[in-house]
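A.B. asks: Top line first, the protein sequences correspond to chains A and B. The numbering used here numbers the first residue of the first sequence as -12 and each following residue consecutively. The numbering used here numbers the first residue of the second sequence as 13 and each following residue consecutively.
Do not take every clue at face value.
As the list claims (entries may be wrong) - Per the computed footprint, the stretches of chain B lying under chain A, defined by three or more beta-carbons under 8 Å from a beta-carbon of chain A, are:
| id | stretch |
| --- | --- |
| 1 | 49 to 61 |
| 2 | 70 to 76 |
| 3 | 121 to 129 |
| 4 | 132 to 139 |
| 5 | 147 to 153 |
| 6 | 183 to 190 |
| 7 | 193 to 204 |
Just so you know, these hints were derived from the structure itself, not from any lab. This one's a predicted model, so the numbers in the text were calculated from it and none came from an experiment. Each residue gets a CB set at the ideal place from its N, CA and C atoms; glycine is no exception.
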Amino acid sequence: MAEERFDYSYDYRTVLLFIYSALFWGVVGILIGLWISVQMWLPETNIAPYFTYGRLRAVHTNGLAFGLGVGAIFGITYYITMRLCKRPLLFPRLARAQVYLFNIAIALAAISLLAGATQSLEYAELEWPLDIVVVILWIMFAINILGTIFTRREPQMYISLWYIIATVIAVAILYIINNLAIPAGWLKSYHLFAGVNSANVQWWYGHNAVGFVFTTPILAMFYYFLPKSTGLPIYSHRLSIVSFWSLIFTYLWTGAHHLVYTPLPDWIQTLGIVFTMFLIAPSWGAVINGYYTVGQDWEKAKNNYLTKFFILAITFYGLQTVQGPTQSLRIVSSLIHYTDWVPGHVHMGTMGWVTLTVVACIYYMLPKILKTEIYSIRIANLHFWFVLIGQLLFSITMWITGIQQGALQKAVNPDGSLKYTMVEIIAKNYPYWQLRTLAGVIFTIGMLFFLYNIYMTVKKAKSKSS
Amino acid sequence: MSLHQLIERNPLVLILLATITVLIGTIVTMLYPMFRPEMHPKLEGLKPYTALQLAGRDIYQREGCFYCHTQTVRPLKTEVLRYGEYSKAGEFAYDRPFLWGSKRTGPDLARIGGKYPDEWHYKHFENPQAFFPQSNMPKYGFLKERKLNPKQIEAHMKALGFPYTKEEIEALKDKTEMDALVAYMQVLGTAVKKQ
């Protein structure tokens, strides 16, 4: 095949700009996370009106899900798509414009949330003018991704591209429907859906934001970068096929597990729980594929520092996708729902699975783009251990305190009266909330090692080229 | 060539199949229920929010109260004991969006209406720690300093199609955000008769 000489430098620059933007918002989001973790045990750190827990929490979740998460997804997905399609992006300038619009949108999102403009829908807090900007960003992304895939120079689409296509479609459907609202001013709207129906639409969206922002694009990265960094082919193509289709089929049925024991009709709750249990199978399809891929030669795990990032990430994914379905069971839900157990669960997915995969992709991709080596594998190893310890400490303390909260709320005296008041239960959480802040600090130190390593790698590449 | 190889080589086919695949669960669990009456029940005693109550609900949303307080009592023994009658689907017909929340750092508020006198709420919002030294709730005294904007609230009432009178809107100009939030607290759960 006559290899045409493509110039990727412009598109790679766009990818890098997305990565740098994602890292910037990641720092902002993590620092706000630390702050609100302190607010849990030191209410004096609430600075009304703009910096109370109620407003900062949305900046934390949106900053990390959309700023770090989606920013990294845009950049890394473009990189993967170009590699797998063997051509540059179809619309390079559109992608570059997307970087700038993305940063403007995230900045405006943060400001509007601090100002209290919120739809009060978790992970869909942004008010309607910003929703329109998000939809425009997503259309820009879809045009470039699908356009590049349609004009690809490699006939077969690798697994990662299937996951990317599913992401592009599903996020568009989810985001647009759940954000349908009646505008009542420039920064105020009311959900188009009311009451029970509003809850059902929101959690159909909410859980699939997990499915199609924190799962499918991350699996696309995992399936691409794991073989790349280990040099080992994916263990089973058939397993990839089966788990892909069953995953994207099942996810959409599961939202109601967020509404167990609420006034939502029982049949929708039960359907949600059943499909959530089934979701273990396709999730573990990817876990097994990951493990058996590296299992072809475990030496690679020793020799290549990136292998352990991917293996730990997929391990967290495996744990997450068993714990999640367990939580959906009515008996378990009645104990741990509405407690700190749930943030413990969520952060295993975000700090463990998503962030570990994303940083490993950046470790692989950045030196390739800059035509250099990573600055320090030693620092990367330190980064690994810090985030692992920080993440485990975070989740384990929250699981313990969550069970405690649930159990104390259920505790009754022999005469049948309640044993504890709410404020007595709150008082017992303080040591765990303080430990959680410590866990966050350890995780943050790990991420600072990462940022330093990236900064020095970029610096090294610059001094080499000049 | 196997069937899946065909899919792997045709993005259009993949796009169509993936779209259909994600739409099945969407239709069964989200779209279809929307057309069933059980998703749109309304208790007899339920009334739309008054202008002052809605202003309070807007503030409850703005301040992110739902991140720490739920508004749904589960049909569990100790929960009913702690908060009162469990939540009914028909209580939320005027709630856009629902504010059931997902975390109970503080207590559930679905049955808070009428539990304490207004005066208690004013003082508690200003300084929760004065009542409960171990509470980690932020102080919301600044709401007392802020006047309501009647024009804005009228626009909100219109958007939702809630009935109101000119006098009701007029009267808002002397009210503070704190007045509104307390009015909202006091209406929560009142559609269900106390046992």
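A.B. asks: For this structure, which hints from the list above don't hold up?
C.D. replies: 3, 4, 6, 7
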